[in-house]
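> Fit chain B to the supplied structure of chain A, relying on the hints for placement.
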Amino acid sequence: MIAYIIRRLLATIPIMALVAVFVFMLLHLSPTDPALIIAGDFATPEQVDEIRRQLGLTAPLYQQFLHWAGNLLQGDLGKSIYSGLPVTTLIGQRVEPTLMLTLCTMFIAITLAIPLGVIAAWKVGTWIDRTVMTLAVFGFSVPVFVIGYLLILGGSRKLGWFPVQGYTSILDDFGGFVSHITLPALALGAVYMALIARMTRATMLEVLNEDYVRTAYAKGLATRKVLVKHALKNAMVPISTTIGLGVALLIGGVVVTETVFAIPGLGRLTVDAVLRTDYPVIQGVILVFSLTYVLLNLLVDLSYVLFDPRIRY
Amino acid sequence: MNDTTIKDPPLSARLRHRAGVVVDSLQRNPTMLFGLSVLLVMAFMSFIAPFLGLPSPMEQAPRNRLQPPSGEAFFGTDMYGRDLFSRVLHGGQVSMVVGLSVATLATAFGLAIGLVTGFMRRVDAILMRFMDALMSIPSILLAIALVSLWGSSVQNVILALTIPEIPRVVRLVRSVVLMLRDQLYVQAAIAAGTSTPRILIRHILPNTIPPLIVQATYICAQAVIFEAYLSFVGAGTPPEIPSWGNIMAEGRMFFFQTPSIILYPGAFLAITVFAINTFGDGLRDSLDPRMQRSV
Chain A
656 MIAYIIRRLL ATIPIMALVA VFVFMLLHLS PTDPALIIAG DFATPEQVDE
706 IRRQLGLTAP LYQQFLHWAG NLLQGDLGKS IYSGLPVTTL IGQRVEPTLM
756 LTLCTMFIAI TLAIPLGVIA AWKVGTWIDR TVMTLAVFGF SVPVFVIGYL
806 LILGGSRKLG WFPVQGYTSI LDDFGGFVSH ITLPALALGA VYMALIARMT
856 RATMLEVLNE DYVRTAYAKG LATRKVLVKH ALKNAMVPIS TTIGLGVALL
906 IGGVVVTETV FAIPGLGRLT VDAVLRTDYP VIQGVILVFS LTYVLLNLLV
956 DLSYVLFDPR IRY
Chain B
105 MNDTTIKDPP LSARLRHRAG VVVDSLQRNP TMLFGLSVLL VMAFMSFIAP
155 FLGLPSPMEQ APRNRLQPPS GEAFFGTDMY GRDLFSRVLH GGQVSMVVGL
205 SVATLATAFG LAIGLVTGFM RRVDAILMRF MDALMSIPSI LLAIALVSLW
255 GSSVQNVILA LTIPEIPRVV RLVRSVVLML RDQLYVQAAI AAGTSTPRIL
305 IRHILPNTIP PLIVQATYIC AQAVIFEAYL SFVGAGTPPE IPSWGNIMAE
355 GRMFFFQTPS IILYPGAFLA ITVFAINTFG DGLRDSLDPR MQRSV
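Top line first, the protein sequences correspond to chains A and B.
My numbering numbers the first residue of the first sequence as 656 and each following residue consecutively.
My numbering numbers the first residue of the second sequence as 105 and each following residue consecutively.
Chain A with its partners taken away, still in its complex shape (with noise of 0.2 Å):
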């Protein structure tokens, strides 16, 4: 098991080597020249030969690559600048709210989403089951911005029982901590829980046909064990691969519900790095981001383990 957890993580290193080679490459590969962008609509000739100069855009390609990739390495992602400060610093500075907003969202969708997939799956062409794939669509097919407002209108406007935006930290204040991240939560959750409940129910219906799922009826199991001891462990390696694969959503979507609701994170960053063509700032995000999916991914792969006892590493 060592070994092989050894084994993947050095797979993931020429994964990352290139994606850090495409993140260079988005600025160097722009048709716009990265110093003109920087300084503006305004500047003047000289001032932009400055920036190039300051930026080391006048060495050649790979020698840049070469500088760029160095500090990397020693977790060096370079300066904003719009602030002039460490891009890690920004960073570290906004990773709470991102990170607690993701984690309530999983919590939330998870919780909700594989139930739902069961019991859709278990009575399956019914007016539930109906009802459970007509909402899913309707998940997949409405913009997260649009959920959160209409959240935003219902939840905090009409009823008053959240707050409207804005973010408080689970140190400061459990409570406001609760009432500040449960819309955003279930904004951001709604893509997901329509992709988990999907993927759930097609694969508990591929299960429910076995033969030992007749074989635990047959011998009078009550149904929940059946669904959930039988069929829906067996079914649990490919939903929680859709489960990480559809991360991917989930930092998309960040990005937006943290501008609808004014939460200070990594997607608020993104969102005004976008805005000042902030491109040091804009690499470091993506590269965080992508670091954290693939060795999200990777776990999600080794916690097949739990689901099946035949999978070794």
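These aren't lab readings, by the way, just hints derived from the structure by calculation.
Hints may contain errors.
A few chain B residues facing chain A, derived, Cβ under 7 Å [unchecked claim]:
(1) Ala249
(2) Phe336
(3) Val377
(4) Leu391
Even for Gly, the Cβ is constructed at its ideal location relative to N, Cα and C.
Just chain B now, with coordinates in the frame of chain A:
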């Protein structure tokens, strides 16, 4: 020996047969018909908008700012007094163009790369690592970065949304190719000395089409949503073009006064994506009976 060359039926007959299959499956699959009709209505409305004699989507009337929906302006007006109904109808054009272009481009590129990688072992190893790396960057982030660095224009939005989708199409095509490569009829064609391009086009390509069409509808639906995301965070369609994402992005500050600025384009967007998804689900059920009633 008499002439035994097998001739294909004439093109007209084949087309008639295909059309018959489509009509048949539409009749048997009311959800698909529903999705397609809603989609066509939305597309029709957005492209006919310029000829309806509505107020121009750009025309500002500062006196009539942020009006609620009324008989004169069905959806009310925005913060510059522009007619929201006209803007929302026109806004559909960008979404339709982006959705369709991204779906077409991503499937075309993905198909070409997938066919080659699936069939040629040596290229496969290198290209797939490349695709893996591309896939480990969350697609929205990649698109946001691309547009913000390339500058905002509809073409750049289309390109930025296409690039992250290509690896997913490649994977799909490649899996079909890998499965078919060991089939007896392909082995027979290889043994008979058929050239690789001919095998790919004649024997393998047709089998990738049904799953690809289904995938294309999902890519299209996602592209429509992602275009709105990009515009919403300010890295999308140029702000002067009325697109659903732009209308909502501008309405952000005025949401509490006039929620209609966000709710109407949001509803149009959601209905369109819902229609594309329903159509795609229907297509999947009728093109691939094995996958019926699953995901």
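> For each hint, tell me whether it holds in the structure or not.
Verification of the hints:
{"no.": "1", "hint": "Ala249", "verdict": "holds (5 Å)"}
{"no.": "2", "hint": "Phe336", "verdict": "holds (6 Å)"}
{"no.": "3", "hint": "Val377", "verdict": "holds (4 Å)"}
{"no.": "4", "hint": "Leu391", "verdict": "violated (17 Å)"}
Violated hint: 4 only; the structure is consistent with all others.
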